[in-house]
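Take the sequence shown: its letter number 5 is residue 5 in the working numbering, and every next letter is one higher.
One or more hints might be untrue.
Listed next, with one range per pair, are the computed distances between beta-carbon atoms [stated by the list, open to error]:
hint: 1; residue 1: Tyr34; residue 2: Ser64; range: 16 to 22 Å
hint: 2; residue 1: Leu19; residue 2: His54; range: 15 to 21 Å
hint: 3; residue 1: Lys68; residue 2: Leu19; range: 23 to 29 Å
hint: 4; residue 1: Leu19; residue 2: Asp66; range: 28 to 34 Å
hint: 5; residue 1: Asp28; residue 2: Pro55; range: 15 to 21 Å
hint: 6; residue 1: Gly27; residue 2: Pro55; range: 27 to 33 Å
hint: 7; residue 1: Leu20; residue 2: His54; range: 14 to 20 Å
Calculated directly from the structure, the hints in this document are not laboratory data.
Ideal Cβ positions, reconstructed from N, Cα and C, are used throughout, including at glycine.
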Amino acid sequence: MFLALALGLATTAYSQTKLLRFPDIYGDRVVFTYGGDLWTAPVAGGSATRLTAHPGMEVFGRFSPDGKWIA
């Protein structure tokens with residue numbers, strides 16, 4: 001019973017959490033998905049910048065080989 005309750009709570013918490021996901025690093029920058037949008041931030045830490053703000057999901061952001069673009 002306890003395990004089933006714990007699993008149910010974990011599932012509920014997970015569905016409400018906006019996780020940092022799918023990171024890609026180029027040099028000193030990282031691009032990642034948070035809350036269905038793409039963000040970029042310094043690898044060393046600091047303020048993140050939102051790159052997208054659309055109703056749909058943007059995932060798997062990747063730097064171009066030269067690091068100039070994010071796709």
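Going down the list of hints, with the structure as the test:
1. In this structure the supplied range 16 to 22 Å holds for Tyr34 paired with Ser64, their Cβ-Cβ distance being about 21 Å.
2. Look at Leu19 against His54: about 18 Å separates their beta carbons, and that is inside 15 to 21 Å.
3. Between Lys68 and Leu19 the C-beta distance comes to about 28 Å, which sits within the given range of 23 to 29 Å.
4. At about 29 Å, the beta-carbon gap between Leu19 and Asp66 stays in the expected band of 28 to 34 Å.
5. Distance hint check: the CB atoms of Asp28 and Pro55 are about 31 Å apart, inconsistent with the given range 15 to 21 Å.
6. Taking 27 to 33 Å as the suggested C-beta distance range, the pair Gly27 and Pro55 conforms, at roughly 31 Å.
7. At roughly 18 Å, the beta-carbon separation of Leu20 and His54 lies within the given 14 to 20 Å, and the hint holds.
Consistency with the previously given hints fails for number 5 only.
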